[in-house]
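J.: Residues per chain, in single letters:
Protein chains: 4
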Amino acid sequence: MIKLLSQLTHVEIYATDLEESVRYYTDIVGLRVLERDADKVYLRAWGDYYPYSVVLVPGEASGMVSMAWRTTSPEALDEAVRRIEQSGYTGEWREPGARLGKSYVFTGPYGHTMQLFWEVEKYKAPAELASQYPDRPEKRSSHGLAPRHLDHVTIATRDVVGFCEYYRDVLGFRLMAYAGLPDTPVTFFGVLTTNEKSHDLGVLLDGSDVPGRIHHYAFWVDTHEDLKRSADLLLENGTRIEYGPGMHGIGEQDFLYFREASGLRIEVNSGGYRNYVPDWEPYRWSGAEGCDDFYRNVTLPQSMLEAFPPAPQPTATEQGLVPGTEDELIVRGALHTPDAVGSQH
Amino acid sequence: MIKLLSQLTHVEIYATDLEESVRYYTDIVGLRVLERDADKVYLRAWGDYYPYSVVLVPGEASGMVSMAWRTTSPEALDEAVRRIEQSGYTGEWREPGARLGKSYVFTGPYGHTMQLFWEVEKYKAPAELASQYPDRPEKRSSHGLAPRHLDHVTIATRDVVGFCEYYRDVLGFRLMAYAGLPDTPVTFFGVLTTNEKSHDLGVLLDGSDVPGRIHHYAFWVDTHEDLKRSADLLLENGTRIEYGPGMHGIGEQDFLYFREASGLRIEVNSGGYRNYVPDWEPYRWSGAEGCDDFYRNVTLPQSMLEAFPPAPQPTATEQGLVPGTEDELIVRGALHTPDAVGSQH
Amino acid sequence: MIKLLSQLTHVEIYATDLEESVRYYTDIVGLRVLERDADKVYLRAWGDYYPYSVVLVPGEASGMVSMAWRTTSPEALDEAVRRIEQSGYTGEWREPGARLGKSYVFTGPYGHTMQLFWEVEKYKAPAELASQYPDRPEKRSSHGLAPRHLDHVTIATRDVVGFCEYYRDVLGFRLMAYAGLPDTPVTFFGVLTTNEKSHDLGVLLDGSDVPGRIHHYAFWVDTHEDLKRSADLLLENGTRIEYGPGMHGIGEQDFLYFREASGLRIEVNSGGYRNYVPDWEPYRWSGAEGCDDFYRNVTLPQSMLEAFPPAPQPTATEQGLVPGTEDELIVRGALHTPDAVGSQH
Amino acid sequence: MIKLLSQLTHVEIYATDLEESVRYYTDIVGLRVLERDADKVYLRAWGDYYPYSVVLVPGEASGMVSMAWRTTSPEALDEAVRRIEQSGYTGEWREPGARLGKSYVFTGPYGHTMQLFWEVEKYKAPAELASQYPDRPEKRSSHGLAPRHLDHVTIATRDVVGFCEYYRDVLGFRLMAYAGLPDTPVTFFGVLTTNEKSHDLGVLLDGSDVPGRIHHYAFWVDTHEDLKRSADLLLENGTRIEYGPGMHGIGEQDFLYFREASGLRIEVNSGGYRNYVPDWEPYRWSGAEGCDDFYRNVTLPQSMLEAFPPAPQPTATEQGLVPGTEDELIVRGALHTPDAVGSQH
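Residue numbers (our numbering), protein chains in the order written: chain E, 1 to 345; chain V, 1 to 345; chain A, 1 to 345; chain L, 1 to 345.
Because identical chains cannot be distinguished in the list, a pair is counted as satisfied if it fits within a single copy or across any two copies.
No more than 20 Å apart at the CA atoms, straight line, and that leaves these computed lysine to aspartate or glutamate pairs for EDC-like:
| id | residue 1 | residue 2 |
| --- | --- | --- |
| 1 | K40 | E95 |
| 2 | K139 | D293 |
| 3 | K122 | E281 |
| 4 | K139 | D27 |
Hints are computed from structural coordinates only; laboratory data are not their basis.
Please put together the full structure from these sequences, using the hints given.
T.: Okay, here's the thing in structure tokens:
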């Protein structure tokens with residue numbers, strides 16, 4: 001294991017109605033607009049150590065433009081680029097801007113775009129938002145869900161194992177768990193992490209041919225009670241809870257899912273194990289073992305099969321395949337050719 | 001035990017700067033102004049079933065005008081009045097107004113004024129504030145501490161036992177616990193209740209001769225995590241926490257105390273036992289048994305000796321007497337003559 | 001409203017394998033055997049103020065023998081008996097025993113047996129189990145789920161409204177909520193209470209003709225985190241979670257359900273509103289409003305249709321009727337003839 | 001930043017009465033004896049991923065033998081040893097044993113002994129203790145405090161800055177915060193971390209000349225409610241709470257402190273921020289800013305000045321210096337000569 005990335009710092013996503021999205025993220029979710037430029041709006045949660053964690057850009061359909069990761073050092077950035085290019089992919093260096101230094105932007109083998117950088121401003125709150133606590137980037141918000149910070153992104157791909165192995169090998173993620181269909185080669189879920197939790201990068205099997213799809217991204221709240229309060233406030237203010245509150249078996253993380261103004265799925269996440277084992281060996285869970293639902297008694301709603309941008313084919317779910325979608329997804333899963341990517345497994 | 005009162009419904013308190021108090025209660029505490037009339041402002045918490053729970057009236061010094069209790073029935077109101085007058089005190093009937101039917105207002109033997117009533121409007125939220133849940137009076141607030149409802153009042157009196165016995169005998173409160181100095185007749189704290197918790201009416205020994213003083217009143221939040229969040233938000237927005245978060249031994253209730261805009265002490269309260277024993281016999285705790293501090297390792301700050309309106313003499317605290325105040329308070333305590341009040345004990 | 005009952009004190013239930021039940025209740029649930037006599041085992045939770053809350057008696061099938069309620073006074077016991085007999089039902093006085101004074105045992109109009117009493121020992125722990133806290137009946141248990149005390153019973157009956165009105169009118173319960181099918185006369189759920197929560201007596205529509213069935217009974221834990229811990233411990237020790245953790249819309253109570261050694265359903269319950277409105281008017285919820293599932297996105301498992309003793313016909317659920325059972329249950333619901341029971345509505 | 005250590009795995013401590021310590025750690029704390037050899041007892045918490053986290057060895061006085069850290073890779077172990085020896089200290093390689101591979105044991109500049117290793121067995125529970133969850137090393141315990149795993153060690157040293165800089169530079173800890181006396185060069189507290197929390201290695205100013213003292217070590221529980229339950233169970237079973245429950249400003253971690261059978265201080269810890277900033281710059285807090293007490297209203301008890309093995313001179317506290325100890329500790333603090341240790345700052 002070599003640790004090249006320190007953390008997920010922000011996601012850039014499409015807003016089908018920019019002003020409505022800004023209203024939703026500020027009024028309901030409880031983020032704050034840091035600043036806007038010609039075509040982007042930069043939003044932050046009160047506990048983000050860097051200037052922003054969500055960037056909205058106008059788009060035709062909901063989906064992810066890119067996810068951004070800070071490396072662990074300047075050298076780690078160079079090493080990451082070296083490894084990416086050695087793996088056969090080429091990105092491009094982007095000039096400093098938007099409070100970041102120069103960054104490297106590339107699209108990986110399954111169509112997801114990542115921005116990697118080392119230099120970044122640390123967020124410094126203006127006086128009226130300054131916390132009483134020297135180590136807090138901003139005073140705790142009391143508005144809306146008031147998540148503390150960004151937590152993770154879960155993408156959809158036609159090859160879960162291939163995706164996981166590529167990012168493990170090239171960028172040094174720990175691979176924490178798989179979930180698969182028993183007695184088949186079909187792996188429908190995988191989790192990668194740069195930190196102590198099971199994932200800051202989740203991976204779901206995608207039945208479509210659309211590259212680079214996102215299934216959801218997640219904010220962190222400090223406690224399970226905050227998560228219950230989030231659910232209550234969402235319902236009271238007109239947002240349906242798509243799934244949860246519940247608890248995942250993988251990672252023991254509390255969750256709830258809902259849709260934001262453009263229809264993209266957001267998770268609120270809390271709790272979870274703290275796992276520091278550098279040579280952790282990923283277990284391949286079955287749905288029956290509670291990989292998605294720790295309590296093993298809840299059925300995922302069909303709508304959880306949707307990823308973004310929308311496509312006619314379903315994804316798998318963190319719980320397995322939905323009846324009627326197996327054939328399609330098993331075919332996808334069977335197409336998995338990890339050899340093209342990594343060789344040491 | 002006959003249960004005449006169903007619950008504490010509201011407190012009327014003085015505001016030394018009315019507009020500043022309104023701002024504080026709405027911005028920081030997270031109440032909402034229901035309405036104002038010539039000289040009063042009526043505020044409510046989102047979970048109050050009746051129209052308002054705090055009434056602000058301009059005054060020279062912080063303090064309590066009155067506390068209001070709804071009876072369990074129209075007959076209970078009549079019976080309460082009969083008992084009060086039989087005990088030698090006389091109040092007066094007040095005409096319907098402020099969303100209440102006729103009410104009886106009297107000042108009891110230790111100078112505290114109570115308003116008793118049966119008829120009252122049940123709160124009905126306007127459409128934009130209506131909850132998704134038919135049994136909630138209003139949608140959950142996400143602003144400020146957002147307490148759910150009023151919880152209790154704790155008064156100060158020169159005779160704790162006399163006060164407790166009077167209200168037990170005349171209005172049917174359950175007397176749940178005392179706290180006193182070991183090996184002395186000095187009782188410095190007592191708790192009365194109309195419900196399942198240890199108190200909606202607390203009673204502290206007062207070293208002053210000022211009648212009718214209040215020590216604090218309390219709001220309820222649903223969970224201990226809400227209480228921690230309240231403490232965090234208070235500090236982040238410039239209000240010092242006078243004492244807590246902690247947990248009382250008596251009643252097992254989580255607490256924190258702070259001062260509102262006029263300097264009056266407010267508690268945020270949660271948790272606690274659920275006790276339905278109709279013939280509960282009050283135990284007389286000592287401070288060392290953790291009556292105030294369940295964990296038995298915290299020292300109350302001296303400022304907790306202050307009651308309202310201010311007076312040069314201290315009160316006792318829920319934990320006992322503060323060094324240097326014993327003589328004064330023990331003399332007070334020794335003056336206790338319960339026989340003048342009730343006869344069956 | 002006249003309040004005759006102070007609380008539910010214990011349930012007596014059948015154990016199909018007595019020793020296995022004792023093991024389950026002590027090892028898994030975390031109760032303690034207070035004592036045994038010729039054919040009964042008396043169990044208590046650490047926070048029960050009275051000597052025991054669950055009585056096991058050998059039986060052929062799981063089910064409830066009786067539920068026991070303490071009155072608010074000796075006079076209330078007499079008044080309760082007077083009202084029961086006036087309503088056309090006759091019970092019998094039982095001699096003092098099992099740490100109770102004389103009690104009145106009767107079977108009401110829908111076949112459920114209640115034991116009413118005033119005199120009872122208050123529990124006094126032996127020295128090795130005595131709490132550090134004078135007002136706790138026993139030291140907090142650290143074993144198993146360690147619920148604090150008994151919370152409620154939910155029965156099944158072929159006439160929800162009839163049952164609710166009878167117990168409201170005769171024993172003075174507050175009737176807090178109904179749930180019914182929209183646009184039909186079918187009411188499938190109702191809640192009665194003697195306290196501040198939505199129910200200590202729940203009422204579900206029963207499709208069978210078996211009188212006196214029970215759907216589940218519930219223990220209380222202090223916090224939602226205790227409830228999550230309960231679920232975790234149950235799963236870790238081999239008990240499936242039938243339904244939950246979740247949160248009811250009616251009463252805002254956190255729940256989970258599982259089956260004990262004889263197959264009877266047990267709930268672990270926490271949270272909830274605190275409602276003291278003496279003239280509360282029960283709203284009739286629909287399933288879609290979240291009466292059972294606050295978050296409105298979970299489907300009850302079919303097994304929740306089972307009540308005890310088992311019968312071929314289903315009950316309704318707290319969420320409504322399960323597809324395929326409507327006709328049967330609607331016929332039952334349509335048979336409701338409240339006039340035979342109470343006249344003032 | 002180079003990350004050489006993956007985590008703290010175990011502490012080896014003295015037990016003045018070995019059997020009594022074993023009883024205390026199993027009955028009260030809720031650890032489990034993994035195994036014993038000639039003179040050591042190996043204990044584990046249910047969530048430890050490695051075989052054990054506490055090792056008891058008979059001793060004359062309470063204190064720490066050593067703390068053990070797993071590296072991030074075999075190469076990191078070699079690199080750590082290279083750096084230690086380059087810094088002028090020499091340890092020795094220990095043969096494989098006690099479920100570890102070969103390890104390097106050295107005593108650093110302030111007298112604390114560390115054991116570093118890469119190879120270690122991963123814990124595999126026997127069938128009767130196996131969790132339902134593939135990624136849990138053992139089923140959740142329901143006995144005693146049942147902490148999930150070891151969390152951190154806080155040592156005492158006569159030179160806080162020197163200690164922090166040495167371990168930052170040589171072993172790659174992140175240095176997260178200092179606390180010091182305003183307007184003096186005295187730094188009384190510092191925190192080092194290998195993970196997302198503020199510390200797995202805390203550093204307190206020591207007024208004694210005894211090298212290698214420990215102030216406390218800490219277990220992790222998943223939630224603040226678990227921590228409150230821990231406090232309750234400790235008190236109910238006869239262990240005084242020395243300090244807390246409370247919350248630190250540095251790291252926002254919930255805490256409570258008590259003493260185990262040999263008098264050594266143990267902390268129960270939960271909550272806290274998640275901080276992944278690789279180039280975090282440590283802020284130097286003052287006590288008034290709430291470094292120790294987030295709520296800024298609690299006074300540390302004098303007993304918190306004691307470290308182990310006992311010495312007549314006090315330590316500082318995480319809150320600052322206790323009145324009367326300043327001169328002694330300021331002299332110590334003034335002796336700090338960081339230049340002797342690291343040169344690049």
